[in-house]
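Chemist: Residues per chain are reported as follows:
Number of protein chains: 2
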Amino acid sequence: MTFEVKILGSNSASFAFGRHHTSQLVNSNQNLFLIDCGEATQIQLLRYQIRYSRINHIFISHLHGDHYLGLIGLIFTNHLQGRTEDLHVYGPKGLDEIITIQLKHSDSRLNYNLHFHQIDEENQLLFENEDIEVRPIKMDHRIPCFGYVFKEKERKFRLNREILPNSLSKENLIDLKEGKDIVDTDGKTWTNASLASPPHLPRSYVYCADTRFHAEIRPQVQNANLLYHEATFLNDMQARAETTFHSTAQEAARFAAIHNVRQLLIGHFSSRYFDVQPFLTEAKPEFENTILAIEGQTFEVTPVQPIKVKENNVEIVNN
Amino acid sequence: MTFEVKILGSNSASFAFGRHHTSQLVNSNQNLFLIDCGEATQIQLLRYQIRYSRINHIFISHLHGDHYLGLIGLIFTNHLQGRTEDLHVYGPKGLDEIITIQLKHSDSRLNYNLHFHQIDEENQLLFENEDIEVRPIKMDHRIPCFGYVFKEKERKFRLNREILPNSLSKENLIDLKEGKDIVDTDGKTWTNASLASPPHLPRSYVYCADTRFHAEIRPQVQNANLLYHEATFLNDMQARAETTFHSTAQEAARFAAIHNVRQLLIGHFSSRYFDVQPFLTEAKPEFENTILAIEGQTFEVTPVQPIKVKENNVEIVNN
Numbered sequence: 026m027t028f029e030v031k032i033l034g035s036n037s038a039s040f041a042f043g044r045h046h047t048s049q050l051v052n053s054n055q056n057l058f059l060i061d062c063g064e065a066t067q068i069q070l071l072r073y074q075i076r077y078s079r080i081n082h083i084f085i086s087h088l089h090g091d092h093y094l095g096l097i098g099l100i101f102t103n104h105l106q107g108r109t110e111d112l113h114v115y116g117p118k119g120l121d122e123i124i125t126i127q128l129k130h131s132d133s134r135l136n137y138n139l140h141f142h143q144i145d146e147e148n149q150l151l152f153e154n155e156d157i158e159v160r161p162i163k164m165d166h167r168i169p170c171f172g173y174v175f176k177e178k179e180r181k182f183r184l185n186r187e188i189l190p191n192s193l194s195k196e197n198l199i200d201l202k203e204g205k206d207i208v209d210t211d212g213k214t215w216t217n218a219s220l221a222s223p224p225h226l227p228r229s230y231v232y233c234a235d236t237r238f239h240a241e242i243r244p245q246v247q248n249a250n251l252l253y254h255e256a257t258f259l260n261d262m263q264a265r266a267e268t269t270f271h272s273t274a275q276e277a278a279r280f281a282a283i284h285n286v287r288q289l290l291i292g293h294f295s296s297r298y299f300d301v302q303p304f305l306t307e308a309k310p311e312f313e314n315t316i317l318a319i320e321g322q323t324f325e326v327t328p329v330q331p332i333k334v335k336e337n338n339v340e341i342v343n344n
Numbered sequence: 026m027t028f029e030v031k032i033l034g035s036n037s038a039s040f041a042f043g044r045h046h047t048s049q050l051v052n053s054n055q056n057l058f059l060i061d062c063g064e065a066t067q068i069q070l071l072r073y074q075i076r077y078s079r080i081n082h083i084f085i086s087h088l089h090g091d092h093y094l095g096l097i098g099l100i101f102t103n104h105l106q107g108r109t110e111d112l113h114v115y116g117p118k119g120l121d122e123i124i125t126i127q128l129k130h131s132d133s134r135l136n137y138n139l140h141f142h143q144i145d146e147e148n149q150l151l152f153e154n155e156d157i158e159v160r161p162i163k164m165d166h167r168i169p170c171f172g173y174v175f176k177e178k179e180r181k182f183r184l185n186r187e188i189l190p191n192s193l194s195k196e197n198l199i200d201l202k203e204g205k206d207i208v209d210t211d212g213k214t215w216t217n218a219s220l221a222s223p224p225h226l227p228r229s230y231v232y233c234a235d236t237r238f239h240a241e242i243r244p245q246v247q248n249a250n251l252l253y254h255e256a257t258f259l260n261d262m263q264a265r266a267e268t269t270f271h272s273t274a275q276e277a278a279r280f281a282a283i284h285n286v287r288q289l290l291i292g293h294f295s296s297r298y299f300d301v302q303p304f305l306t307e308a309k310p311e312f313e314n315t316i317l318a319i320e321g322q323t324f325e326v327t328p329v330q331p332i333k334v335k336e337n338n339v340e341i342v343n344n
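Read top to bottom, the protein sequences are chains H and B. Quick note on our numbering: the first sequence kicks off at 26 and runs consecutively. Quick note on our numbering: the second sequence kicks off at 26 and runs consecutively.
Because the hints were derived from the structure by calculation, they are not lab data. Take these hints with a grain of salt, some might be off.
The list cannot tell twin chains apart, which means a pair is met if one copy fits it or any two copies do.
Unchecked claim - As a list, the in silico SDA-like pairs of lysine to any residue whose alpha-carbon atoms are at most 20 Å apart:
hint: 1; residue 1: Lys118; residue 2: Lys129
hint: 2; residue 1: Lys202; residue 2: Arg237
hint: 3; residue 1: Lys129; residue 2: Thr269
hint: 4; residue 1: Lys205; residue 2: Phe152
hint: 5; residue 1: Lys202; residue 2: His166
hint: 6; residue 1: Lys118; residue 2: Asp132
hint: 7; residue 1: Lys309; residue 2: Ser192
hint: 8; residue 1: Lys129; residue 2: Ile168
hint: 9; residue 1: Lys213; residue 2: Arg265
hint: 10; residue 1: Lys202; residue 2: Leu139
hint: 11; residue 1: Lys205; residue 2: Pro117
hint: 12; residue 1: Lys176; residue 2: Asp121
hint: 13; residue 1: Lys129; residue 2: Arg167
hint: 14; residue 1: Lys118; residue 2: Leu128
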């Protein structure tokens with residue numbers, strides 16, 4: 026099942042060196058979710074040939090312009106392009122007022138329903154479908170700011186369809202998907218492992234928006250398959266990172282390491298840096314599996330395979 | 026003296042075919058004025074290497090997103106880049122509320138003074154310096170909408186410095202600049218035409234934002250050196266132009282013709298048109314001197330030269 030993140034914008038504050046304001050597109054089983062929507066996100070979506078109408082859920086981290094100023098335009102353009110499907114926007118208090126006042130002054134009555142979901146507290150269930158759940162995670166920034174945790178639901182055992190005998194009943198199939206051994210309609214006993222494979226572990230993508238670094242363990246981040254963490258500065262600006270409630274690449278990597286994540290994606294680069302390679306150089310000693318949020322690139326939320334299976338006793342090694 | 030208009034965005038409503046939302050930069054004697062500021066105007070300014078800090082006056086026509094959604098970002102970026110000089114924003118009622126609420130929710134205290142000038146009526150003097158005056162002109166759109174008239178001030182006669190005799194007093198020079206004949210300190214009489222040239226006629230640039238076509242004469246537009254008039258549609262959509270309070274290329278050209286302007290610039294093209302050449306084809310039969318608002322291009326507000334001079338009796342032909 027597809028679970029991936031496309032980077033639409035990777036810069037902080039100003040536009041610079043062809044880098045845009047923050048925005049990411051999460052694709053979970055062909056359902057598209059937008060995280061943050063800096064100015065010109067519309068243009069980035071056009072550039073990467075993503076139809077606006079496919080996005081039904083937009084998650085805004087906080088009300089600094091480089092994270093939300095493209096939202097109103099996207100709302101208007103959806104309207105002008107004849108959207109009829111509901112659009113859900115999630116974000117901190119105040120965003121509804123910003124949207125409402127602009128709809129009012131443009132005398133716009135949208136031809137679709139716009140639902141605003143205010144984020145009040147960490148971990149509240151914002152969205153779920155049969156594949157994933159989305160919950161907010163609190164950041165430490167100058168104004169209220171939330172990250173988002175996209176977590177797959179527990180999945181069932183996968184049937185090895187090529188080798189299933191004809192003697193199985195509907196109930197046998199259900200039991201196999203639950204990981205049980207079965208007795209078929211001929212009275213023969215089959216171990217689960219002989220006909221099914223254990224499910225992938227539920228994957229998670231954790232988006233940590235603008236934040237100061239803290240060493241405390243956040244349970245929602247632990248063992249994430251992919252963690253995005255802002256890395257606005259290099260070590261030369263560590264003091265500034267602290268006073269502006271941002272992080273350095275090294276701090277992002279330290280955060281990844283203490284949470285035992287599988288892979289770290291860093292972005293939100295300051296406009297003072299033309300070359301972003303030094304972000305990798307400073308992050309990797311703390312956390313080797315770090316990658317740069319390069320615009321236009323798509324990063325898979327890599328599944329962790331169960332690698333040892335003993336009969337019905339499944340031993341899963343998180344490598 | 027420089028008086029020119031650079032097109033930063035030429036499309037209406039949506040981004041399409043590389044065309045951006047409306048924005049124009051007026052350069053009057055190296056003073057820069059922004060007219061409208063659609064989303065991503067910041068990026069367009071970067072593209073054409075125009076420093077944000079050089080713009081001190083921004084004129085917004087109306088509160089449809091494609092004309093102002095880039096303003097808040099530009100205000101924020103000016104702040105982040107350390108601007109200290111005052112910034113003046115002119116626009117219809119409501120724009121101040123939109124700005125204020127976004128400054129509030131981002132907890133921003135700008136490190137420069139932002140002055141909002143609300144436009145209440147046509148022709149009020151919004152701005153003047155020694156070179157030009159700027160006044161609003163009312164449009165006929167679905168919501169309150171103003172165009173802007175940039176008009177040069179009357180200029181003085183120009184001294185032909187190469188041939189000025191040494192016998193002239195300070196008062197003689199002042200009189201020559203006023204177009205008078207003089208008697209110099211040696212008692213010799215000089216005609217004004219022998220030592221000075223008549224001034225260029227004051228030039229005007231008229232920006233007609235989103236509007237329905239009307240045939241009535243607007244005195245502020247008459248004889249404009251350069252008229253920008255929106256041309257959202259071609260003739261095939263004439264009915265739609267009427268109902269959406271927009272104009273066709275042919276209507277823009279008719280408006281130019283009845284106002285005897287020198288040159289017409291058309292833009293605000295609908296996203297339904299990939300090729301904008303037909304806009305010219307449909308405009309030219311009504312008004313030959315029509316040009317397309319192509320992004321990145323700069324159009325001079327062409328002066329009208331006084332072409333016949335008879336002694337002190339100046340006959341100016343507006344060609």
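Chemist: Each hint needs a verdict: does it hold in this structure or not?
Modeler: Results for each hint:
Proximity of lysine 118 and lysine 129 under a CA criterion of 20 Å is satisfied in both settings, with 18 Å inside one chain copy and 12 Å between copies. For the identical chains of this complex, lysine 202 and arginine 237 are neighbours neither inside a copy (43 Å) nor across copies (65 Å), given an alpha-carbon limit of 20 Å. Taking the shortest Cα distances, lysine 129 and threonine 269 sit within 20 Å of each other only across copies (18 Å), while inside one copy they are farther apart (34 Å). Proximity of lysine 205 to phenylalanine 152 under the C-alpha cut-off of 20 Å is found in neither arrangement, the shortest distances being 31 Å within a copy and 80 Å between copies.
For a Cα distance limit of 20 Å, the shortest separation of lysine 202 from histidine 166 qualifies neither inside one copy, at 44 Å, nor across copies, at 62 Å. With identical chains, the CA atoms of lysine 118 and aspartate 132 are at most 20 Å apart between copies only, with a shortest distance of 13 Å across copies and 23 Å within one. For a Cα distance limit of 20 Å, the shortest separation of lysine 309 from serine 192 qualifies neither inside one copy, at 54 Å, nor across copies, at 80 Å. Taking the closest pair of Cα atoms, lysine 129 and isoleucine 168 come within 20 Å of each other only across two copies (11 Å); inside a single copy the shortest separation is 26 Å, beyond that limit.
Taking the shortest alpha-carbon separations for lysine 213 and arginine 265, neither the intra-copy value of 69 Å nor the inter-copy value of 73 Å comes in at or below 20 Å. Within a single copy, lysine 202 and leucine 139 get their C-alpha atoms no closer than 39 Å, and across copies no closer than 64 Å, so neither meets the 20 Å cut-off. Neither within a single protomer nor between protomers do lysine 205 and proline 117 lie at most 20 Å apart by alpha-carbon distance, with minima of 44 Å and 69 Å respectively. When the C-alpha separation of lysine 176 and aspartate 121 is checked against a cutoff of 20 Å, the pair qualifies neither within a copy, at 26 Å, nor between copies, at 41 Å.
In this assembly of identical chains, the alpha carbons of lysine 129 and arginine 167 lie at most 20 Å apart only when taken from different copies (13 Å versus 29 Å within one copy). Taking CA atoms no more than 20 Å apart as the test, lysine 118 paired with leucine 128 passes in both settings, with 17 Å inside one copy and 14 Å between copies.
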